[in-house]
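A.B. asks: Chains as they are written, first to last, in this note's numbering: chain C, 1 to 256; chain B, 1001 to 1121.
The set of hints was computed from the structure by calculation and includes no laboratory data. The beta-carbon is built from N, C-alpha and C at its ideal position, and this holds for glycine as well. Honestly, I wouldn't trust all of these hints.
[Said to hold, decoys possible] Per the computed footprint, the stretches of chain B lying under chain C, defined by three or more beta-carbons under 8 Å from a beta-carbon of chain C, are:
id, region
1, 1041-1051
2, 1078-1088
[To be verified] Some chain B residues flagged as far from chain C (calculated, every beta-carbon gap over 10 Å):
id, residue
3, T1004
4, F1010
5, A1034
6, L1035
7, G1091
8, E1092
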Amino acid sequence: MTRFAAVLQRVEARLTVPQPARSRILHEMAADLEDLYAAYRARGLADADALRRAEAALGASPEAVEALVQVHRPAWERLLARFSDSGRHRLERGLLTGLTLVGVLVGAGALARQGILDDASPFVWPVLVLAAGTLAVSGGVFFRLVVKQDHRPGTVRAGLLPLLVLAAATVLMGGIGWVWEMSRIADDVSRLATVPADILVPRLRRASEVFALGLTSGLGGVLAWFHLRRRALAVERAEASQPVPATHSNRTGGVP
Amino acid sequence: MHSTLDTQSFAKSINELLVLSALREGPMHGYQIALELEERSAGMFNLQHGTLYPILHRLEREGLIAGEWSAGVGRRRKEYVLTRTGRARLGEGTGDVREVFARLLHVLGDGNGLRPGLATG
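Please model the complete structure; the sequences and the hints are all you need to start from.
C.D. replies: As structure tokens, this is what we get:
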């Protein structure tokens, strides 16, 4: 704990800046205070005087801290500054829902153009539903952690486990679809001496499509999970490495 | 045709120019910038650190200065350097200040025409 813990704690309580910026600011202040203190001591000031002079030089008035908060305010907050809290929430929810729908429609359109949805394996639909869920959850977590930088305690990792479960379920569903399609092909092969190509080829195509779809969507979800988890860990590490403990009430990341 | 002077933004830009000018001498930590300005101005420009950080961080965000963390003995410290854009801004800003003060002095130089109450403040 730094000798300037009291003054830094006062700054921290008002510093409603998202991590890791908040921790960096406090580290910068702590280092400057220590250097100032050392400089005053070198000039021959007594310990208590050097401490007092260094603290006075910091001059972290509420207005100065507020100016710092404004500089580090997330771009999203600045953009929506004119909206009320409820209006902002409605807008955010609408935007996220809209973007997810657009993503699903674009994806479905691409699949339809490729003819994947014509005579598709019945497992394609649950895979698509799970993929849409993965997209929605990863979009929501990305928005909260990266765009909005809302790092309230207990919510930093929220959504990460569901994202991983959804991504894994998507891969699994694709795999089950593949096994199911292949078992149907195996049944046909065992039942008939020779399976005509016009039956065999579409079945193989269906099997590979459902597998590829599940694998691609699931891997996309896993990649998103890795990226977002890294971001969440960076926030937690920054919080833990602050020179003074985080004040519970200000860990909202930009929103007082 | 010159626009009207916005005194608030002028004062803000003076602070920014002071920081940029301090960094012209070389890389510095926040507290060094404040001490340097105080020393160079013989105590006239005494920027408190609390005021300095928002300026530094805004200049950093605008790419006029760059902050670099150095892992010193015991603790990490942040050092600022002037970027090429910052150097250019300093040049422009110095020209603007010179012009503003030239006009101010021109106006003040016409002090005979001022009413006594105004002249003495």
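A.B. asks: Now tell me if each hint is right for this structure.
C.D. replies: To see whether the hints hold, each was checked on the structure:
{"no.": "1", "hint": "1041-1051", "result": "holds (count 4)"}
{"no.": "2", "hint": "1078-1088", "result": "violated (count 1)"}
{"no.": "3", "hint": "T1004", "result": "holds, 25 Å"}
{"no.": "4", "hint": "F1010", "result": "holds, 17 Å"}
{"no.": "5", "hint": "A1034", "result": "violated, 7 Å"}
{"no.": "6", "hint": "L1035", "result": "violated, 7 Å"}
{"no.": "7", "hint": "G1091", "result": "holds, 24 Å"}
{"no.": "8", "hint": "E1092", "result": "holds, 22 Å"}
Violated hints, listed in ascending order, are 2, 5 and 6; each of the other numbered hints is respected by the structure.
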